[in-house]
Structure formats: structure tokens, C-alpha cells
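Peer 1: Spelled out from the first residue to the last, the chains are:
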Amino acid sequence: MDSTQEQINTIFPKVAELTADALAIDIARVTPTASLIDDLGAESIDFLDLVFRLEREFNVKIPHGQITVDARGDLSVAEFEEKGVLTDAGLERLKAFLSEVPAERFKTPMRVVEIPKLFTTETFCKVVLRQQQAVAP
Amino acid sequence: MRPLEGKHALVTGGTRGIGRATALKLACAGCNVAIVYYNSHQEAETVCLEIEGMGRKAFAIQADVGNPDSLAEAFVTLKKEFGELDIVVSNAATGVLRPAMELTLKHWRKVMETNALALNTLAQLVAPMMTKGGRIVAISSLGSMRAIPQYAFIGASKAALESLARSLAQELGPRGIRVNVVNAGAVDTDALKHFPNREALLGEHARKAPAGPTLTPEDVANGVFLLCLPEAEMITGHTLMVDGGYSISG
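These protein sequence lines map, in sequence, to chains A and B. Take 288 as the starting number for the first sequence in the working numbering and just add one per residue. Take 16 as the starting number for the second sequence in the working numbering and just add one per residue.
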């Protein structure tokens, strides 16, 4: 089930607060569409820290690589990417999945390792909501 | 009777690599084992099932060892489950692999808090639970003594860890708590896969280590086990090299 904008808006303030804490930055910089890497300077250790904080706050589990796995959905790995580069189908799937990311940020061709550069605070709101829904009775 | 029968042990970072091997070794020796982990949920579940399969009690707690509040929260559960503790292995570590000239204050804090401060926090939390004495073992690496490319802050944190262990050994000695370090050579764990010079590190170890070309997580776990034995009662403040003799070879 897709998250509604209302659900995202509800948890955004807490996700923004945790993001600001993890990155040690002013919360005013944490806008819904800010790229964590390009705009907020996040690095891999920051992602681990943010995920830890989100898991504890929202009582969810976010396994490593979960966003990419969710984005791939029912596409096989071969349908999604070839030698580390997204296929046309993979790129379209990713654009639809990360609908919160402005279209101009998607590169063609796009490598799988570049996907985290697209992640915004809203991306993390959506992953929290998905993981909550995944364990809901 | 197993050598550590009925003891209660805690291993941080116990889901993978050296931590996992240590948790399994201590369980095999008779310990009930608690695991502290950061993000590896599935791996934590798997290692606990393996330990339970040996007939021991096992459980995993998620915590950030570099954050004293997070560790204190984990200890609420730990006290409830175990009451007392006999063995603590401070193994969890993090790192930023970059040249020193590119590292920042943020990196310093994260690496030092996770790799060095955690030992002090653990000691403060476990000492009251070690009423009959106990063993604290910290896992270090060759970077504490040698300049390894891209390893600057991790190496500094390991040097700090070893120094801190000596101070804790001195302070906690009268309470029957022994504090030692196992300094591991190049072990091909998941952590090493992130090293740009992984092949060179493993190759150099294979070429120089007189005890054999390959060092495994189990070899390091065996070193920890030795320091936890009753026979190691008079060993404290020591750094035990488990590197197949690599570091003594010119």
C-alpha cells in the first residue's frame, strides 16, 4: 500500500528532527525534497546513524538496501539492472517509486550505487511508513 | 563440564565476523550470550538461534555503542535477562576509510565514540554487574601501532582503546575485573571488504605471518576465549597479538 501525503506529512517533523540530529545540521535545512547526500552532506556512516534512529523511534526494521529492494519490486535483478547500471525498465521503475525526487535528478545512464544520491527526507518518511505497514496486523 | 559453564557474556557487534565467532566460541565454552548489534537484524537473529541450538540462552539488543544513553537503555534489558555479567567483549567498531587529510571532526567523533569511548561506557555499566569479578576484552587491530593507508582515525581510535584498557585494568583490578585487549591481524571479514587495499593487506599477511597464511575470525575468538579462562586470572592490562606472528616479522 502506498503512503498517503497526509501520512508523510504526519511523520515528517520527527524524521526531519532525526535527520538533523544524525547529520548534525540545522533542522531548517531539512526540507522534504533536499537530497541527503548532495544537499545535506550525508555520508554512508550518516545513513547508518539515521536508519538506527528511525528504527528506534518508529519501532521498525529497515534492512540494509531495503529502499533499492522495494524499488525493484517484482522486477528480477536482471530486469532491474545490468552490470550495475539500471536498465530502461529499472530506471522507469525507480522514477515511479521515488516519485518525491525531482525528475531532473535521475541520470541516464544511472548506476545502482548512485541511487542513494537521490534519497530525500521524504524518501525516508516513505520507507518508515512502508515498514510500519509491513508489520501491521 | 565446559570451561565457562553457566557464565553470562555480552558481545558487542556480535552478529558478524570476529564478534560473531566470539559469541559462538563463548557459547560453545558454556556461556549464555547477549549480543549488542546496530543494524544487522537478520544476522542477530541467526547467531542467537545458533547459540540456542547449543543449549545456551541467547538474545540480541539493538544499540549504538558509541552513545552512552543508548547503551544504558540496552543494559536495562540485559539486567532483566541476566542479572549478573561475567564476560564482556567490546568488539563493535566503525570507520571511515579515507586519507587523514580528508577526515573531519564528524568522522573523528563517530569513530572515537564507537571504537574507544564504548569500552569506557561498557566498563561503567558492567562493573556493578560483575560482583564476583569478571573479564572485559576489547578487540583492537594492527592500526593501533602501524600506519595503514586510509585507516588514520580507526588506527587512532584503536590506540586510544588499548590505552584506555590499561587504565581500566588498573582501576578495576581490585574488584576482580580483568581488562585486556586482543589485537587482531588482517582477517578477511565483511569490514575488510570495504578496504581499497584489501588484497594487499591479505597478501602481505600471507607472505609474512610465520604461523600461516590465513587468519580467521575463529582464531581471534580463540584469543578472547583464552583471556576469559580462570587460568588467565593474573593477566590484565595486556594486549594479546593474534596475528599469526605477522607483527614480529620484518
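Honestly, I wouldn't trust all of these hints.
Partial chain A-side listing against chain B, Cβ under 8 Å, derived [claimed, not checked]:
| hint | residue |
| --- | --- |
| 1 | Leu335 |
| 2 | Val347 |
| 3 | His351 |
If you're looking for bench data, these hints aren't it; they were derived computationally from the structure. For each residue, glycine too, the CB sits at the ideal point set by N, CA and C.
Peer 1: Run every hint past the structure and note whether it holds.
Peer 2: The hints, checked one at a time:
With a least beta-carbon distance of about 6 Å to chain B, the hint placing leucine 335/A at the interface is held under the 8 Å criterion. Violation of the interface hint for valine 347/A is found here, the shortest Cβ-Cβ separation to chain B being roughly 10 Å, above the 8 Å cut-off. Given the 8 Å rule on beta carbons, the hint for histidine 351/A holds: about 6 Å separates it from the nearest Cβ of chain B.
Violated hints amount to a single one, hint 2; each of the other numbered hints is respected by the structure.
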